[in-house]
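Colleague: Here's the letter readout for the chains.
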Amino acid sequence: DAGVIQSPRHEVTEMGQEVTLRCKPISGHDYLFWYRQTMMRGLELLIYFNNNVPIDDSGMPEDRFSAKMPNASFSTLKIQPSEPRDSAVYFCASRLGTRFHEQYFGPGTRLTVT
Amino acid sequence: GNSVTQMEGPVTLSEEAFLTINCTYTATGYPSLFWYVQYPGEGLQLLLKATKADDKGSNKGFEATYRKETTSFHLEKGSVQVSDSAVYFCALSERKTSYDKVIFGPGTSLSVIP
Chain S
1 DAGVIQSPRH EVTEMGQEVT LRCKPISGHD YLFWYRQTMM RGLELLIYFN NNVPIDDSGM
61 PEDRFSAKMP NASFSTLKIQ PSEPRDSAVY FCASRLGTRF HEQYFGPGTR LTVT
Chain C
115 GNSVTQMEGP VTLSEEAFLT INCTYTATGY PSLFWYVQYP GEGLQLLLKA TKADDKGSNK
175 GFEATYRKET TSFHLEKGSV QVSDSAVYFC ALSERKTSYD KVIFGPGTSL SVIP
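Just so you know, the sequences run in chain order S and C.
Quick note: the first sequence, position 90, residue 90 per the working numbering, numbers continuous.
Quick note: the second sequence, position 41, residue 155 per the working numbering, numbers continuous.
It is worth saying that the hints were derived from the structure and are not from the lab.
Certain hints may be false.
Simulated pairs of lysine-lysine, DSS-like, Cα-Cα distance not exceeding 30 Å [what the hints assert, rightly or not]:
1. C:Lys191 <-> C:Lys166
2. C:Lys166 <-> C:Lys215
3. C:Lys215 <-> S:Lys78
4. C:Lys174 <-> S:Lys24
5. S:Lys68 <-> S:Lys24
6. C:Lys215 <-> C:Lys170
7. C:Lys215 <-> C:Lys174
8. C:Lys174 <-> C:Lys191
9. C:Lys182 <-> C:Lys215
10. C:Lys215 <-> S:Lys24
11. C:Lys191 <-> C:Lys215
12. C:Lys215 <-> S:Lys68
Kindly generate the complete structure, drawing on both the sequences and the hints.
Modeller: Encoded structure:
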């Protein structure tokens, strides 16, 4: 398997623009997670899905952030409008089944908002 | 609520030194415990895990024992190498209503110098 795939790997955009990050989980995995990592705040869970259904979005910082999972093989995280404080590395991860199993992380998308 | 606490870094060691990174947790139930490692420019990857009390997880010379009485899961390695330089995250996975949520610690940066 190719692992969790994220695109783009790097994104530079101007404040106010819409940004869409993409994730393809490992085939067969039923959980999908979006994380944000910054030096100041460390690794933060933004939202996670189970069987394509959003379960907990309490980590989504504000209404400018939205996430979707239209099918089992694709998810997006959208920021509209983007702000400089959104600059971070965004990770997608997937997992098969219960809490006994590991999460597999993608390589991340480094977002810079100028 | 449930949480994970790790010793603050950065930790700097000479090659072949003994490593301990402390991790303690707070949980209401019986979580699974994990150590993840993040190498520069990459996503997190599982290093080892333990799913019940007194289990010992081990991988690549690293070990950690699930201690329920002290709510700890300290990471140890007898002789570190330069290639072990990375950020290490302790994590727990708990059952939250019907779903399993993972909580990560803040991470501990390790630098190993020749």
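Colleague: Now, for every hint given, state plainly whether the structure supports it.
Modeller: Hints, verified against the model:
no., hint, in the structure
1, C:Lys191 <-> C:Lys166, "21 Å, holds"
2, C:Lys166 <-> C:Lys215, "17 Å, holds"
3, C:Lys215 <-> S:Lys78, "22 Å, holds"
4, C:Lys174 <-> S:Lys24, "29 Å, holds"
5, S:Lys68 <-> S:Lys24, "12 Å, holds"
6, C:Lys215 <-> C:Lys170, "22 Å, holds"
7, C:Lys215 <-> C:Lys174, "27 Å, holds"
8, C:Lys174 <-> C:Lys191, "9 Å, holds"
9, C:Lys182 <-> C:Lys215, "19 Å, holds"
10, C:Lys215 <-> S:Lys24, "20 Å, holds"
11, C:Lys191 <-> C:Lys215, "28 Å, holds"
12, C:Lys215 <-> S:Lys68, "19 Å, holds"
Figure legend: structure checked against the earlier numbered hints; every hint is met.
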